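K.L.:
Listed below are the residues making up each chain.
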Amino acid sequence: MDMIDHTGADPAGDMGTVVSRNSGEGVNVDGGDPHRPRVTRPAFVRYSLAFFTSALALLLTLLYTRLIGTTAPFILFFAAVVVSSWYGGLGPGLLAIAIAALVTDYFFLPPTQSLHMTQSSFLELLLFLLAALLIAWLTAALRSAYRRAEAAQIREKLARAEAERAQRRFAFLFEASALLAGSLDWRTTLTSMADLTVPEMADWCLVDVTEPDGAIRRVATAKLSASRSNQVHARDHRYFPDLDAPFGVSRVMRTGEPEIYPEIPEPVLVDLAHGAEDLAVMRQIDPKSAMIVPLVARNRTLGTITFISAESGRHYGPGDLALAEVLTRRAALAVDNTRLYRELAESKQQLQNLVGRLLVAQEEERRRVSYEVHDELAQVANAAQLHLETYAHDYPPGSSEAREDLERAVELARRTVRDARRVVNNLRPTTLDDFGLAAALRLHVEELRAEGWQIGYQEGLGEDRLPPLVETALFRVAQESLTNVRKHAQTTQANVTLERRRDTIHLEVQDWGRGFDPAGVREGGAGERVGLPGMRERIAWLGGHCIIESEPGGGTRVTVEVPLEGAIANEL
Amino acid sequence: MNSETRPRAGAFRPARVVIVDDHDLARAGLRGVLAREEGLEVVGEAANGQEAIALCGKLRPDLVLMDVRMPEMDGLAATQAIKQECPATSVIIVTMYENPDYLIQALKAGAAGYVLKGATRHEITTAVRQVIGGESPLKPELAAQLLRRIASTASPRQGPPVEPLTPREYEVLRLLAEGKTNSEIAFSLSISLSTVKFHIENIISKLGASDRTQAAVRAIELGLLTSPTQ
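As given, the protein sequences belong to chains A and B, one line each in that order. Each residue of the first sequence is one higher than the one before, counting from 1 in this note's numbering. Each residue of the second sequence is one higher than the one before, counting from 573 in this note's numbering.
One chain only, chain B, in its complex shape:
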């Protein structure tokens, strides 16, 4: 499923980031923030959805910071297309609104999370690092609420075959989809934090997802959480 051979970004190499926004000033602002961060590398910029798709196809970045409202093609449609082509690329939506309706749309399109326009430098870099590090950038309650609503509306469909998960991974997945943090999962299952991280890496990889949020969304879409027999 995951055709990417390149190792996940982390200690060994910087995460490669693409910034998509129709506004020059906004792109420059984000670039200023991210370029100075240790372990991050801004590899490209695009001014609309079409450009973003082309650029991501070429660069295969680890992460895309995606504006929503853009001419030509909006951020959500672009996100969907990018996830089709590069499932390992995570997308963070940069949005004006914290409205759950928008966030659900974003998650369904394949986003790992969002940052609000007007977020501080710290908030932005934290969200980016969380996504790259396999953690959720969403607040646990919000993540749980959004995933519940996705689960209630999405009719489970037969997805591509997945590498079967171990029972332990199922337990971790279930807690993950409830919006639990790594330490909460470690506490619930009485395992170490590093073990949780290891399981989550495996789950993300086995589900062909790019990040923690999309692993939960994918699990919901595949009906993995509704059928306990799996």
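Same shape as in the complex, but just chain A:
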């Protein structure tokens, strides 16, 4: 009996837990209660059963001995023993045997109406006792085995239900994760999140976030489509939290601790609502149970998700809260990530814009200075030179010394004009503005050739002028690359290729100089090569890329590709 009790009690306990979880999670095992086996009966009932079956057996035996005489007084008592030990266990079986022995001795064994017995009666009774004991023991053992089997069956059923639930939960979380990972906009993330929880976890799902000014804003709601109420504070409902609220969204926001309400009695509902309007809405929803879980990421409470059970009538338990917390934590991380991503993208964009403005401003400034030098300084120097020469013509110097002085002055003025021309060319070659990239580069290459460089130039841009920003950027990169050749490569052998491939402009500057280790000149590396990151930034701003290949002793190759489309988009 102990063993039966024990084995039977465990599944029953499990069952109880499962059933309450079922109501929470909407996972149906098999409806629960009706088939729940009763494995323990009170001792009083069990022993009474033995007594009554024995009494019944006595009555029937008395009856049939009156009708047909005494032949087998023990038969019906065997039945009583079997029934007692099946339904009551070994103890009641033994009681039934004892009663049977007493009453048969008294009523049926000679001498009847007496507990005295003859030797044969005694023998007969002894045989009955032995047989009955055997039957009682066997019956009890059979019963015990039967119950163990029954318990095992229940356990198996429960285990299967548990596995199914775990699978569903996993699938749910998987879906939630995929959804959360997919979105890069936090509002979308939270809206999808709310939609996902209905009806799987809740009949209503409300998402609130804290705003920078401390207010709470509802950013997403989801509800059962067949919901009784249509009135829930829609998106963008906004209110300031009650700092003294004993519980509810305000408190969860403040403390970062989740709350669970297995039941929601009226006073709790009143406290949960913020204001009369909200209370009216809440009454319409008629919540049965609720959970408020904080959206916490990096120790910051971003908001809350409120899960409400209404129509479904389920009551949330610790298991539901655990799932809700897992889900909410993921949502918070996803929201945090989208915010970080957006901030990163924004600052990247700002940086890009800044680089762009800087480059444009720099170019503008160069152009301005260049034209200033061209239009003023050079003209004045030129005029001075001509005036000096005219003066010399009008008043020829008397001495060779005076003539030399004058000639030196003329030469200085001429040199100023030449220097001005060189400055203008370096700052912002007018060729670039007037004739475009191909001509400006050709001129640059020709100047280097005039200095004795062995430099090739292949150009295939076609007739059309490129967007000014692209022309400037590519010219600067080529200029910078050739300056690097002059400064570092210790060679005057180089090649420049410029061509258009569909909608991409391709520039390549190669030299056969001493090369360098590109790893050694990353940003912040040798100050001498500050030009390289600058080149990359210039090109990246236009949506292109700039590859610098080099190795010590192997020359250097700068390859640039710029899409025309991106450049047009950047045109200010």
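Just so you know, the hints here were simulated from the structure itself, not pulled from any lab data. Hints may be right or wrong, so weigh each one.
Here chain B is said to cover these stretches of chain A; the calculated rule only asks that three of the stretch's residues, wherever they fall, bring their Cβ under 8 Å from a Cβ of chain B [to be verified]: (1) 369-379; (2) 385-395; (3) 426-440.
Since this is a predicted model, take the numbers as computed values, not measurements. Ideal Cβ positions, reconstructed from N, Cα and C, are used throughout, including at glycine.
With chain A held as given, fit chain B onto it using these hints.
P.N.:
Relative to chain A, chain B alone:
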């Protein structure tokens, strides 16, 4: 074609020159140089392209010294307009840059040649005298290179009817377009220098050009050099 009745400047009368530059100092510098030259007379000055066109229409000078970068209208556009109205007026571009791209543009606009900003008094007066005297102010190699590039890019178009050239004039024109100097032409054709000068005067006149350089440019544009049957 050449509606000018006035004889070409030379021994009989001084060449009339107009200076165009937006910079007062630059104009004054050039005026100082040219005004003292024998046989040259600075008849007017303009500060931009628009003024230059108006002035040239009125004065019909033999030569214009033209700055390139000017407000209102730049030197090249002004040159083009002046050549339209006064084909006999030669234009010398005064430029900061010896860049062939600029020079080709200048030649196409109608310039006879250029002087560099920063050129000496001597260089300036030489260029002016060469243009007036029917010689090229351009170095022969540079002239040849520029004319080749003009020939390679310009599609020969049907120009206004020209007075037919004699075979001898064609020979001279061909050598002229190759950038040859007068003495080289005289040597190649085994004729005297004065005969060459005479032919060149005729060619310039027949092509309705103002100077030697523009005669070559015009010949290229008319396709005279590409079709040997002419």
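K.L.:
Would you check chain B against the segment 426-440 of chain A, counting CB to CB pairs closer than 8 Å, and say if three or more residues qualify?
P.N.:
holds (count 5)
K.L.:
How does the segment 385-395 of chain A fare against chain B when you require at least three residues with a CB closer than 8 Å, holds or violated?
P.N.:
Answer holds; 7 residues pass the 8 Å Cβ test.
K.L.:
Between the segment 369-379 of chain A and chain B, see if three or more residues pass the 8 Å beta-carbon test, and mark the coverage as holds or violated.
P.N.:
Our answer is that it holds, as 4 residues pass the Cβ test (under 8 Å) against chain B, meeting three.
Comparing the model with each earlier hint shows no violations; every hint is respected.
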